[in-house]
Amino acid sequence: MSALFRTTALLATLVGALSLTPAFAQDKVISTPQGDVTIARVPEKVLVQDWAVFDDLSAMGVAVAGVPSSNAPTYLADQIPADAIQIGSLFEPDFEGIAAAEADVYFVAARSAAAFETSKDIVPTIDLSVDNTDIVAGVKANMVKLGDIFDMADHATALNDELDAKLAEVKAAAEGKGTALVLVTNAGKLGVYGPDSRVSWIYNNVGMASALADVADGDHGGDAVSFEFLLEVNPDWVFVVDRDAGTGENAGSAEALLDNELFNQTTAAKEGQIVYLDPQASYISMHGYQGVMLLLDQVLEGLNG
Amino acid sequence: MPLLLAILVTALLALVSLFVGVSDVSLPALLAGTAEPRAVEVFIVSRVPRTLALVLAGASMAIGGLVMQMVVRNRFVEPSTTGTSESAALGFLTVTLLAPGWPLMAKMAVSALFALGGTALFLRILKAVPLRDVLLVPLVGIMLGGVIGALTAFIAYRVNLMASLLAWNMGDFSGVIRGRYELLWIGLVCCVLAYVAADRFTVAGMGKDFTTNLGLNYKRVMTLGLVIVSLVSAVVLVSVGSIPFLGLIVPNIVSLMVGDNMRRTVPWVTVGGAAMVLACDIVGRLIRFPYEIPIAVVMGVVGAAVFLYLLLRTPRHAA
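Those protein sequences? They're chains D and C, same order as listed.
Counted from 1, the first sequence has number 10 at position 10 by the UniProt record's numbering; the numbering is strictly sequential.
Counted from 1, the second sequence has number 225 at position 225 by the UniProt record's numbering; the numbering is strictly sequential.
The set of hints was computed from the structure by calculation and includes no laboratory data.
A portion of the hints provided could be inaccurate.
Said to hold, decoys possible - Simulated restraints on C-beta separations:
#1 D259(D) to A128(C): 45 to 53 angstroms
#2 S89(D) to P37(C): 47 to 55 angstroms
#3 V16(C) to E169(D): 45 to 53 angstroms
#4 D24(C) to A153(D): 51 to 59 angstroms
#5 A305(C) to A40(D): 51 to 59 angstroms
Using N, Cα and C, we set each Cβ at its ideal position, and we do this for glycine too.
Turn these sequences into a full structure, and let the hints guide you.
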């Protein structure tokens, strides 16, 4: 009996000791849209090819060593480390630079998701693409995933709770406010962002009714429409993504475009219910945690007048 | 007379264009004076300007193509092969960056100035190039356009305005309402100018020596032609964006029908260009109603098919 007991005790001790050695025992399997990826330990050197993921990591307080070399959103500008290496544009990763960086993990998403096939052989690659039909759920899932990868699950949960709280607040403010339409303005032309678009959360999560309810609502993401269309659809609220405001300020070209005889007859224009959204948070890093929080704040401010 | 018939068809297309749209505007109600005030307003503020814009842009782009082809003596050149469109885009980008809040008219004016500057530069370079080979003219223009376009794209890329640049290069009449198309009237002036100078262009189209022997200043005719071309393409580009193939196919079809005497072809090309653009825009408005398909897309499909037909049907006139 005592021999068996000793053996068992020994085994238990061994198992205990093994589980305490983190470097080898804590292989994590992260599921991504492009298959499972195994991460050997908590990554230290992190590369990011997508500003939304950078936004998430920055919100978590994770240091980032490599960032995209273009289209940096203004609201993230002071969070980007000055010594970060640049690893190519949003669409075209600099694979040589990425290989040379010898990073522990490399994040791609959305525009750079196609890089996965090449980069997975160079560096452990994780795809954090978010499906536009439920952006909030996607952002939260990404935060949980990042919390898992970087052993910061509690922090991720806390941030997600904040997002939920903010969303509930906006949802309450939006209650009974009527219909909404998200417009994208680009070079003097109008487009409509519908419930499958980059800012779909205004309809799907905040719960504002789409002004397009009466109109056949396809899979449009910025489809061209005329001012006549706006007059007929007559939204109560208009949220504007000004794609001409490339420098990150709502520089007024969208306002100039919308100030015309036809649009001024819509309820939104008459009541002054027009909200200009941060253009970069809404079309460059539309799946970023801080970006969504920023946009929610802007919507809240607009709704509360 | 077949020209009258063509004008009638174009007028019919214009009429259809007036009554295709999201709002409910009906011809009988308008005529009887029983239309709702809003329908009348939509008609005046949106439909009439759009139809006018289509006619003006179509006619002037086609004329621009015709003049370009006469001056360059090459059937397969386009008005956009002089670096003009690229300069216009650069101008629009510059004004968007420096004064984003300016009214559209002011932006248009700045852009047109840039386009003229670009064309002036083109003419300057042409002076330094021996003009024996007609293909050299569009080649020089394409290269200049490439350089200016690269500069524009570089700036747009740095300041995240690639989306706007793409939109300017994608012709689309959906944003046209009263107050946003008027610069296109300059295109009409260009059409008239082309008609007045038609005989000179016809002569110039027969070559430099022939022109000089007849006592005409070849260079001056050439310059007038290029000014017309650049002005037209600049105005159209900043008003609605570029429309592919139009300046190429309309003059070619007309040339197949009535020959190369510009006094005869100018009215045909004017009407043909207007009809082509009207038809393509009506199609673009109807395919995904109430959303729109940019005319550049429709025109690209139709134009490419016609262009292929022209290439396969006729022997190459180009050098």
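Of the hints stated earlier, which fail here? none
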